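Peer 1: Residue numbers (the numbering used here), protein chains in the order written: chain A, 1 to 225; chain B, 1 to 225; chain C, 1 to 225; chain D, 1 to 225.
By construction, these hints were calculated from the structure, which means they are not laboratory data. Just so we're clear, the structure is a prediction, and the values are computed from it rather than from any experiment. C-beta: ideal position from N, C-alpha, C; glycine also. Certain hints may be false.
So the derived list for chain B, only partly shown, Cβ under 7 Å to chain A, looks like this [as the list claims (entries may be wrong)]: (1) Ala140; (2) Asn208; (3) Leu210; (4) Leu211; (5) Val214.
Here are a few chain A residues that sit away from chain B, every Cβ distance over 12 Å (derived from the structure) [unchecked claim]: (6) Thr75; (7) Asp94; (8) Thr178.
Listed here are the chains, written in short residue letters.
4 protein chains.
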Amino acid sequence: MAARRKSNILDIVSINDGTPGATATQTVQPGRRGRPRSARVRAAVVRAAAQLTRSGGPTAATVDAIAKRAAVSRTTIYKWWPSSAAIVLEGLLDSVGDPINAPPGSSCKEALEHHLRALNAILTDTTTGPLLRDVVAAAAADPAMTRAVLDQWLHPRRAALAAIVRQAVAHGEIRDGTDVEVIVDALVSPPYYRLLFALSPLDDAALNDLLDTVWHGCRRSDALP
Amino acid sequence: MAARRKSNILDIVSINDGTPGATATQTVQPGRRGRPRSARVRAAVVRAAAQLTRSGGPTAATVDAIAKRAAVSRTTIYKWWPSSAAIVLEGLLDSVGDPINAPPGSSCKEALEHHLRALNAILTDTTTGPLLRDVVAAAAADPAMTRAVLDQWLHPRRAALAAIVRQAVAHGEIRDGTDVEVIVDALVSPPYYRLLFALSPLDDAALNDLLDTVWHGCRRSDALP
Amino acid sequence: MAARRKSNILDIVSINDGTPGATATQTVQPGRRGRPRSARVRAAVVRAAAQLTRSGGPTAATVDAIAKRAAVSRTTIYKWWPSSAAIVLEGLLDSVGDPINAPPGSSCKEALEHHLRALNAILTDTTTGPLLRDVVAAAAADPAMTRAVLDQWLHPRRAALAAIVRQAVAHGEIRDGTDVEVIVDALVSPPYYRLLFALSPLDDAALNDLLDTVWHGCRRSDALP
Amino acid sequence: MAARRKSNILDIVSINDGTPGATATQTVQPGRRGRPRSARVRAAVVRAAAQLTRSGGPTAATVDAIAKRAAVSRTTIYKWWPSSAAIVLEGLLDSVGDPINAPPGSSCKEALEHHLRALNAILTDTTTGPLLRDVVAAAAADPAMTRAVLDQWLHPRRAALAAIVRQAVAHGEIRDGTDVEVIVDALVSPPYYRLLFALSPLDDAALNDLLDTVWHGCRRSDALP
DNA sequence: TGTTAATCGAGACGGTACGTCATGTCTTCTA
DNA sequence: TAGAAGACATGACGTACCGTCTCGATTAACA
Numbered sequence: 001m002a003a004r005r006k007s008n009i010l011d012i013v014s015i016n017d018g019t020p021g022a023t024a025t026q027t028v029q030p031g032r033r034g035r036p037r038s039a040r041v042r043a044a045v046v047r048a049a050a051q052l053t054r055s056g057g058p059t060a061a062t063v064d065a066i067a068k069r070a071a072v073s074r075t076t077i078y079k080w081w082p083s084s085a086a087i088v089l090e091g092l093l094d095s096v097g098d099p100i101n102a103p104p105g106s107s108c109k110e111a112l113e114h115h116l117r118a119l120n121a122i123l124t125d126t127t128t129g130p131l132l133r134d135v136v137a138a139a140a141a142d143p144a145m146t147r148a149v150l151d152q153w154l155h156p157r158r159a160a161l162a163a164i165v166r167q168a169v170a171h172g173e174i175r176d177g178t179d180v181e182v183i184v185d186a187l188v189s190p191p192y193y194r195l196l197f198a199l200s201p202l203d204d205a206a207l208n209d210l211l212d213t214v215w216h217g218c219r220r221s222d223a224l225p
Numbered sequence: 001m002a003a004r005r006k007s008n009i010l011d012i013v014s015i016n017d018g019t020p021g022a023t024a025t026q027t028v029q030p031g032r033r034g035r036p037r038s039a040r041v042r043a044a045v046v047r048a049a050a051q052l053t054r055s056g057g058p059t060a061a062t063v064d065a066i067a068k069r070a071a072v073s074r075t076t077i078y079k080w081w082p083s084s085a086a087i088v089l090e091g092l093l094d095s096v097g098d099p100i101n102a103p104p105g106s107s108c109k110e111a112l113e114h115h116l117r118a119l120n121a122i123l124t125d126t127t128t129g130p131l132l133r134d135v136v137a138a139a140a141a142d143p144a145m146t147r148a149v150l151d152q153w154l155h156p157r158r159a160a161l162a163a164i165v166r167q168a169v170a171h172g173e174i175r176d177g178t179d180v181e182v183i184v185d186a187l188v189s190p191p192y193y194r195l196l197f198a199l200s201p202l203d204d205a206a207l208n209d210l211l212d213t214v215w216h217g218c219r220r221s222d223a224l225p
Numbered sequence: 001m002a003a004r005r006k007s008n009i010l011d012i013v014s015i016n017d018g019t020p021g022a023t024a025t026q027t028v029q030p031g032r033r034g035r036p037r038s039a040r041v042r043a044a045v046v047r048a049a050a051q052l053t054r055s056g057g058p059t060a061a062t063v064d065a066i067a068k069r070a071a072v073s074r075t076t077i078y079k080w081w082p083s084s085a086a087i088v089l090e091g092l093l094d095s096v097g098d099p100i101n102a103p104p105g106s107s108c109k110e111a112l113e114h115h116l117r118a119l120n121a122i123l124t125d126t127t128t129g130p131l132l133r134d135v136v137a138a139a140a141a142d143p144a145m146t147r148a149v150l151d152q153w154l155h156p157r158r159a160a161l162a163a164i165v166r167q168a169v170a171h172g173e174i175r176d177g178t179d180v181e182v183i184v185d186a187l188v189s190p191p192y193y194r195l196l197f198a199l200s201p202l203d204d205a206a207l208n209d210l211l212d213t214v215w216h217g218c219r220r221s222d223a224l225p
Numbered sequence: 001m002a003a004r005r006k007s008n009i010l011d012i013v014s015i016n017d018g019t020p021g022a023t024a025t026q027t028v029q030p031g032r033r034g035r036p037r038s039a040r041v042r043a044a045v046v047r048a049a050a051q052l053t054r055s056g057g058p059t060a061a062t063v064d065a066i067a068k069r070a071a072v073s074r075t076t077i078y079k080w081w082p083s084s085a086a087i088v089l090e091g092l093l094d095s096v097g098d099p100i101n102a103p104p105g106s107s108c109k110e111a112l113e114h115h116l117r118a119l120n121a122i123l124t125d126t127t128t129g130p131l132l133r134d135v136v137a138a139a140a141a142d143p144a145m146t147r148a149v150l151d152q153w154l155h156p157r158r159a160a161l162a163a164i165v166r167q168a169v170a171h172g173e174i175r176d177g178t179d180v181e182v183i184v185d186a187l188v189s190p191p192y193y194r195l196l197f198a199l200s201p202l203d204d205a206a207l208n209d210l211l212d213t214v215w216h217g218c219r220r221s222d223a224l225p
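Based on the sequences and whatever the hints tell you, model everything.
Peer 2: Listed below in structure tokens is the structure:
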């Protein structure tokens, strides 16, 4: 999180997880004085939070419950994370990985399609979907979480999609003049909306319809079908 | 809420609010023995919840705080509402009124446009927007709230919009085959998405772009511009 | 306690302990609005605190432990007592009862002797002694407890003894001019001192010696032996 | 402390405090390998503990606070002292010095008087009094501290006084038969009692009264005034 | 005109989670 | 070997809010 009060675990690189080679490539201070941070703690906490959220919803993922399930001290958790929602967000980021990028050599429409399908898969997935729903709910009550969600989740993903759209505009496949952000919204918001309101998820056919509608709707009026 | 444990105030009709004529048209039980329910209480509670949510976010609208601000006993609140979020939802419904219907004699596109603008106005409004955001967040943790939001907020409004879209299909203005629900999603979800993620709201131009894109995208391919 | 932040349980009179007749003689407000206070709670808490202090010392009598042993909610305890030491003090006062008064018709010296023996018995007793030691220790860290100990324990007992001494002065049994408070100190402080430093308690012979020494030391110089 | 788990600093003699001559007379292990213990650390820790106790009471003198104020690592403190109270006791002993001995050539009564005045001065002093009060309070919760207080504070001082009293008995100034310990108690306990209960301290006049009373009370009955 | 049945208010109580503080142990690096 | 730096577990703290409960006070319709 950007607005977090404490140094975030994500910034930590020198974790003695037995694979120092991997982390050593990053900026590891060789002369770290005190006891090194335990990798077990971070992993266990994040995993516990994810499991609790999935099984019992946001209410279940309290700091207390996470601490108990992860067999980690509550104090330690409070040292590294500002709230349980921050842990859940971290677990979400962990399990999702980097923003989607389309397979090389794909057309703009194919790239859009790939992106949208991948996003829908994440939001629909029973592993990641509930985490995101919880995180967004927590953001409603906590400005720091709002910032974190935007900075670490939403904006990077929107940016990737917006780049594709802009490319399509440059290629002349989409008529200029339409607000790129609006196109991104039209494509991206339905899956979120369905998740956050607990509506039935978009299936493949619906996704196709959505893509076709938006793509067709913003093509150059003089373009051939 | 469907799954609520207690009779919901929304079901109540006989409130001695001084205007018995209006409520009397509804199904008032004539032979209610004891002391009638106070309209002052309901109004004060709902108003207090809305004010607290607006000023301090969901965290501020606790039952205790609502009781204190409304000068109503906590016991009374628990008697009529299952949770503070339920109160907020009620306040939201109060301040929004009935689902939007377009001015008579308007075309399908005009009706869609009117509906979308009205919805965006509600979600953007500083009075109602925060209430909805709070309610949706609460729904993530409470299945009863999820049901309530769907039944009392989302489905009625979707239905109104879907009816217009279906009419457009019937009129041949929109090509058949496209999933009506998808079109509704494409139109409706962006404002929600922007609200729930605390993004900047859609302005008029963006709304026009959105409408144009979707309308253009789902018109019959052979239709004239 | 005088400096207590909340109304003290000792002030409460209308406790529905099943014997309303007894308490009804005191100033019971008939129209107490809310749920009446449970007598079980007070008794259980005070007893638990005393037991824990006796068996495990001051460290054992935490609010948590008291709550668990008394089967009373921590919240309820915090509502009525400012600290665990305050509970222990209350238990001490309960088990000791009112300040000592000598049997009627006794001489001044007999009254002093009676008082001192009774005090030593209390401080030596395994039931009350540890409670007092704990309370005094807590007072070292908490000004409110200091005040409470003085107001509710020490001053009343000193006053009773000082009254006897002053009477002896009036009767001419003790020479005038000596500071009454000093005589009280000389008599009273040795048992306290032995308790607080965990020295072996004063036995009967030592008590006699002490009484004789002080009595003899402050008699009128011209008095006959 | 006898029952302490770690070697206590009080036992330590080889501190390189720049005055090796003084400490070298004591049992210094000559062949101590590795880095010698820092005198700066001991001094800073003890001083910090004393200052914190004086300014903020026993609550303020936590190990953490001492470490921070002394600019010494917590680990180091835990290595040498079993508890913060042990540090405070050490500071008390440091600042008080050896047990009092009367000026040479003084009579028994003068020696007693000198001793009592010196004791009262220590207990009344704002530098040492709070330390002792804190230490006694800690002893109530910690048997090791109880032992330490007795062995290092109370017993040596009582012994010195008892020796004077016994001498007075031998000189025939005090009647035989009275328990020496009781006389010591009668003299010594009032100042402690006043300190531990936070009563106003004994002034010079009160001290004179006390001395006179006890001295007069335990003189031989046939002795001349 | 009571009687009856409900609402409403006041407050006690049990319970859960919070976020913090202090303790004491352990691990690593540096002097 | 001493000391510094820091991670970690443990346990108690005092608070906030929740939801339930037990009363008394109030208010209407009904008998």
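Peer 1: With reference to the structure, classify each hint as holding or not holding.
Peer 2: So, going through the hints one by one against the coordinates:
Because the smallest distance between the Cβ of Ala140/B and any Cβ of chain A comes to about 4 Å, under 7 Å, the interface hint for this residue holds. Checking Asn208/B against chain A: minimum C-beta separation of about 9 Å lies over 7 Å; hint violated. A cut of 7 Å between beta carbons decides the hint on Leu210/B: the least distance to chain A is about 5 Å, and the hint holds. Interface restraint check for Leu211/B: the shortest CB-CB distance to chain A comes to about 10 Å, outside 7 Å, so the restraint is violated.
The beta carbon of Val214/B is positioned within 7 Å of a beta carbon in chain A (closest approach about 6 Å), and the interface hint is therefore held. No Cβ of chain B approaches the Cβ of Thr75/A within 12 Å, the least distance being about 24 Å, so the stated non-interface status holds. The Cβ of Asp94/A lies farther than 12 Å from every Cβ of chain B, with a closest approach of about 20 Å, so its non-interface assignment holds. The Cβ of Thr178/A sits about 5 Å from the closest Cβ of chain B, inside the 12 Å cut-off, so the non-interface label is violated.
Comparing the model with each earlier hint shows violations of hints 2, 4 and 8; every other hint is respected.
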